[in-house]
Structure formats: structure tokens, C-alpha cells
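Read left to right, the sequence shown gives residues -20 to -1, 1 to 748 (mature numbering (1 follows the signal peptide of the UniProt record, and there is no 0)).
The reader is advised that the hints may include incorrect statements.
Stated by the list, open to error - Only pairs whose alpha carbons sit at most 25 Å apart, straight line, appear in this in silico BS3-like list of lysine-lysine:
| hint | residue 1 | residue 2 |
| --- | --- | --- |
| 1 | K486 | K525 |
| 2 | K547 | K693 |
| 3 | K624 | K693 |
| 4 | K165 | K93 |
What the hints assert, rightly or not - Pairwise CB distance ranges (calculated):
| hint | residue 1 | residue 2 | range |
| --- | --- | --- | --- |
| 5 | R21 | S235 | 30 to 40 Å |
| 6 | K594 | E266 | 43 to 53 Å |
| 7 | D55 | S235 | 28 to 38 Å |
| 8 | T406 | D216 | 10 to 20 Å |
| 9 | I434 | A88 | 27 to 37 Å |
| 10 | G179 | T86 | 29 to 39 Å |
| 11 | R569 | K128 | 29 to 39 Å |
| 12 | S235 | D623 | 54 to 64 Å |
Just so you know, the hints here were simulated from the structure itself, not pulled from any lab data.
We put the CB at the ideal spot given by N, CA and C, even for glycine.
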Amino acid sequence: MLLLLCWLLALLLCAVEVEVVDVMTEEDLRTMSTNPNGFYRLKNDIVLTRPWTPVSSFTGVLDGRGKSIRNVTFDSAELAGNIGFFSQLNMAQIYDVTFVANASVTMANPSGKADTGAGIVAGSVIDTVFYLVRVEGNFSVTSLGNNKDTRLFVGGAVGDYKCNTVAGSGLYSNVNLTTTTIFVKYFAVGGTIGRIQGGCTFTDLAVGSQSIVDAKVTQAVTNLTVGGLVGVVYQDAIFRYSVASAALVRGEVISGSAFVGGAVGLCQAIQHIDSTTSNVSCLATETSKCYIGGVVGGIVNHDNTPTESVRLRSLSSSSVVYCSSDASSACHTGGVAGTVNRMTINDCVSYASPTVVGQGHVAAGGLVGTLSAGRIIGGRVYLDTIAIADTSDTTEVHLGGLVGDAMRGGSDSFVSIGNSYVRIRTLKVYTKNSAKVGGIVGAHRTVSNTISEIGGEIHDCCAVLDSIDVMSDKALNTELQHVVAVGGVAGSLVYVSMRSTYVTYKTIAVKTHGITTGIGGIQGIGLNSRLGTVFSVGENIVYSKSVEGSGDKVGDVYIGGGSGYTKFSTVRHTYSDTNSIGATITNCRYASIGGFTGFSNTSRHYLSYSITNKISVIRNLGSYNVGGFIGFTTVGVGTFDSDKTWSYANIDVRCQDGVTCLAEESCNVGGYAGRISNLMDIRYSYAEGTLASSDATCGVGLFVGTQSSSIAKHSMATLSFSGIAKSGSTVTWYGGLSTSKTRPTPCTGCLYATDFTGRHVPCRSISW
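All chains should be built: construct the whole structure from the sequences, respecting the hints.
Listed below in C-alpha cells is the structure:
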């Protein structure tokens, strides 16, 4: 019965005659304004000979039948309201037609609160069907908007599209679109559509290789959103299955925020979007921020009912994602997204290279610039180089192969990076201040003064790197917030758990002038972090001073095959395999170098090991601790331990040529640890390898260089020693020793063995 009723309804509708107007000439076309409800069918290509007056509100049908409407221009006077071939389309139907424009428009300054749109096809669209609609040519829009309540939307085809009952689709643009405004609240610019809003799903948009989208705000704006396809996807609208292949997408903002993307400027959810846009760029001046991505500038949760953004792909290895900023501005730059805020992105890939040059704060990642209380699942990055040059001495650089800066903001948020892969040839940074650089993430942290719990994770990730190259010209700085932190996986971790993750690299090279530095094959600096089943395999870690011959004192330097510096952290089932750690450290405050960890402060190591074929340290002035597993381990609060750890290292420490190292400068070298102090327990641990010292000011021990107020239990050292040691150094289990009432016995049940002359010597039990 229901089927019969449907057939009857269809027959009834077919019986209704619709008058079709055949459009043969320009004058036929202009009659549309007299009957905006009609059905129009193009019979010929139409070339307009004079400026077009927009059809005010069209609700009918335009069937182009593959024909074109060319030389679309508009009146040169200031125009008010929505601007386009149709000022508004309302539940209309536009089929199989090409619009070719060469139009320059000046939009009047609206009075009061207003939404205004401009596009070659239509300024404003409501629930209209497009099919095979193409737009070509040039479209220049200058807005005189100077009103803080005004919202302006400009698109190559459509300015503002509101979809409630109709799923939009079917627009193709190959337009050179340039737009400028003075001062508005929101300014959204897209190669096809300025803004999509409503509860619909929009699909099948595309822009061609000649498309240019260039937007500029000359005074101030709350949000500038610029996309190769769409400026902003707003409210509950979902945008899917579209391709951006523009030549250029560019945004410039003086005061406010700019979201610039190869496909979309700003959205809440987009899915299955590909971008091969050649050049995506953003310029931030004065007090402004650029969020710029190869696919999307920003993915931001507005209503706390998030939908995953899935399969966003920046597919061209020749694509450039470029950001430039002033000292008081910031760049958040990603191969796919500039920022992801309280949202999840899944199965995304980038071949596009982020590049930043400027003076402001930088967060740059191969996939995402800044991840704030969000999640990345299944991200993949394949790049040649990410290069950052920041010439400010007051701002920070956060650079990661996958994510530049990952932040947890509050107790109800969590940041997760999982099941992701990075293959990058070079990560390169030059800065005059601090930098946090990692193969997966630059900085992963909790941004709160009240939260003291794990708020983020990295799991099941892999990074394959050729080189990380970092230089900082910052002068002496000794605190742990503004530092150079460089790691194969992460530069800096704060309240973060890392597990089941792997990194390989050829070279990590760091040069600093004076700033405190942490370098590790896994993490540069970890505060309140957890490592479990994490592996690092690398060829070379190299550190030196950036200003040769400078008498300026270098801050603290911490280097490890696994971690540079850890505090209140735990390491389990983790290892590092490093061919060479080479450090030329001149005129430093403190330096700690270890096969696995440089400086372990109130941290634990369990069931972990390191292999370092060569640790070479050239020193002069300063305090140095060098160990096969840990450079310096100490406890600030309570009693901590390292349990069931093992190291193999060939250590060579010497004084810099032509320099006299002073005896009063502290230097401690040990097969396992350079220095152990302050209630630290070492249990069931083993060190082997070789020790060589040509520095008569260094205390040398087979297991520990110097030991104070700590204890080693049931541990073993089997190393050979050659060279010279500090006068009074025992070169047995320890080089130097001091005990306390709480730790009167430095060793129980321990063994050591060595051969100073090439003869085998059996292990000897030491007891006190």
C-alpha cells in the first residue's frame, strides 16, 4: 500500500507542468531578476557585456547544460549586502554551469551587527543544491568593514552557505581570490565557500591548481579563517570527501588569530579531505597568532560533542607550509593541522614540510603544530626537512616530527599520541632562546599549577630520523623551564607517560651558547614522567659550544643515550643503544653524561640497560660526572633506587688541548655512574666496558666515580682501565667516597674486576 501511494505521488508531481525559460542571449539571462522562482536553461554560452546586477533572492532552477556565463563583473561603486551573481540562493538548484569572472568589488561598511557574504555565484546560500558548478577567473573583494560586530564571508563561488535540510556538494573553483578588510569580528575566506554552517554534511568540493586564496586584515580581527576550499566549517556541519589543489593559500593578520589551511581554515569536524596545495602561508604581526596547516588551520571543539576528524591527508612532498611572525606574535604550524583543540584526529598523513621564520613563539609539527587536550591516533609523517629559524631572544621553539607542542590544560582533559609513525630526514632549529625538539613531540606537558598527575601519553609510536640539528645562542640560563631539550622521541615531557615506543636516528647534534641543555636518545628532559618499554637506537649524539672561543660560561649540560635529565620520573623495561656520545664542553657550570641518563634526580630505573660504544668527553672548567649508565644520580626527597640495570660503555675523558684542568674542579668518572649521592640505592646492577682517562683531575672508579651517602647492593663491575686518575682515586669499586650516619656502608655484596696491565684478575668481593 505504501509503495502504491509513493507511485501515485510521483505521477502527480510529474503531471505538474513547469515552464522552462531557454536562455539564448544576455538579455534573456537578465530576465531572471524579474522571475526569481523560474526554471532557466542555458542554450548558449553567454558573455556579459556590462556589469551584472545580482539577482536578489533566487529560489528557482538554473540548468547550465554544460554552458558558461563569462565576463561576470559587478558595479564598481560601494555595494551593500550580499554580493554575487545571485545575492542570495534559497532552496534553489544550480546545475552544470561554469561562471567565469573578472570582478573587483568594494563592500560598504555595514551598520550594526551583520553577516555579509560575497562570492562569484552567490553571496548567501540556504539549502541549495549544486551539481557540476564551476567557477573560474579573478575575484577581488575589498571590504570597508570597520565594525567589531560585523562578520564577513568571502568565497570563490559562495560567501556563506547555510545548510539545514539539504546536503551540499558539487562546486569546483579555479579562481584567483584576493580579499582585504579593515576591522571586523570574523573574516572567513575560502577558495569555494567562505563559511559552511548548519546541521548538514557537505561533500565534493574541489579547487584547481590555478586557485589562489589571499586574505588580509589591515587593523584587527577576532578570527581570520582562510582555506583553499572553505574558510570555516561552523556549528554541527561536517565537511567530507573533497580535494584542494590550490597554488597559494595565504592569510595575514595584525591583531587577532588567523587560521589558515590548504583546504579548510577552521572547523570542528572534517573527514576524508586531501590537500596538495603548493604553498600555505601565514604572516602574524604585532600581537597576533597564526594557526596554519597543510590541510586545516584549526580543528576546535565548540560544543563538547566532538566528532572525529578522519583521514586528512597533505599529500604533496613539494608543498610548503610557511609561517612568519613578529616578536610578540606566534606561529602554530603543522603538516596537516596548525592546532587541534579538545578533538581527536585519526588516520591522518602528511608529506608537506612546515617552515617557520620569525621572532615569535613557535610550535611546529610534521602533523600538528599544537595539540591541546586532544588525541592523535594513527598519524603518519613522511618528510625531508622541517626547518625553524627564530631570531627572538625571549620566545620559545617547540618542534616535533609529529606534534610541536602537546598541552593538557585542566583536570578534565587528557592528551594522547598513539599508533603513529614518523620518517623525517632532518629536524633543524636555530634560535636565540630556548628550544624543545623531538622526533615525535617537541614538548608534551601539563599546563597547570594545581594538577600533579599524569595528564598525557605517548604510546605505540615509532620515529625514524636521519638527524636532529639544534643551535641556540642564548646566554647563561640555569633553570629547567626555558632550556634546550632535545630527544629522539620527545624534547621535554612533564607529567607524561611513554610506552611501547621506538626511535632510530643517525645524528643528534646540539650547539648552545650558555643555556641549560638536556639531550637524550629518547627524551631531553623528563619531569614527573614515566617511560616503559621504550627503545632508542642511534649512531651519534654530539654536543659543543655554539660560540667558539667565547669565555661565557655554559649552563648545565645533561646528555644520555636515553634521557638527558629526569626528575621525579620512572624508567622501566627501556634501553638505549648508542654508537657514540661526544661532548666538547668548555667553561660549564655542571655537566652530566651517561650511557642512558645524564642526570637522574629523585628518579628510578628498573630492568633497563644501555649500550654505548663510545662516550668521549673533552672538558676544561666546570663540574663533570660521566658514567656508563648514569652521569649523576641523586635524591632530593625520600629514598630512591635503580634496580636490575646494566650498562656497557667505553668511556674516554680528557682535558681540552692547551688547557689546564684544575684539581678543585669536580670531575668523576665511573663504569656505571659518575656520581651517586643522597640516599640513592643501586641494586642488582652491572657495568662493563672500558675506562680511559688522561685527565689527572678526574676521580675514577670501576662502578662509580664518587659515592656519598648512598649504597650499592649486589652489583658488579667488570671494566679495564687505562690512563691516569686524580691523586687519591682508588680506581677500584669507587674513585672517591664519603659516608654518612644514614649510609655508613657504601657497598654490600658487590664484585668488581679489572686488569691494569692486560692480565685477567678475578672478581673480588668488597665489604666494609
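Tested hints:
1. K486 x K525: Satisfied, since the Cα-Cα distance of roughly 20 Å is no more than 25 Å.
2. K547 x K693: holds, 23 Å
3. K624 x K693: At roughly 11 Å apart (the allowed maximum being 25 Å), K693 and K624 satisfy the hint.
4. K165 x K93: Since the Cα atoms of K165 and K93 sit roughly 10 Å apart, the hinted pair holds (cutoff 25 Å).
5. R21 x S235: 30 to 40 Å: violated, 49 Å
6. K594 x E266: 43 to 53 Å: About 50 Å separates the Cβ atoms of K594 and E266, which means 43 to 53 Å holds.
7. D55 x S235: 28 to 38 Å: Taking Cβ atoms as reference, D55 and S235 lie about 32 Å apart, which means the hint holds.
8. T406 x D216: 10 to 20 Å: For T406 and D216 the Cβ distance comes to about 41 Å; the hint is violated.
9. I434 x A88: 27 to 37 Å: Since the Cβ atoms of I434 and A88 sit about 55 Å apart, the hinted range of 27 to 37 Å is violated.
10. G179 x T86: 29 to 39 Å: Once the Cβ atoms are compared, 34 Å apart, the range 29 to 39 Å for T86 and G179 holds.
11. R569 x K128: 29 to 39 Å: violated, 51 Å
12. S235 x D623: 54 to 64 Å: Holds - the Cβ-Cβ distance for S235 and D623, about 56 Å, lies within 54 to 64 Å.
Comparing the model with each numbered hint stated earlier shows that hints 5, 8, 9 and 11 do not hold.
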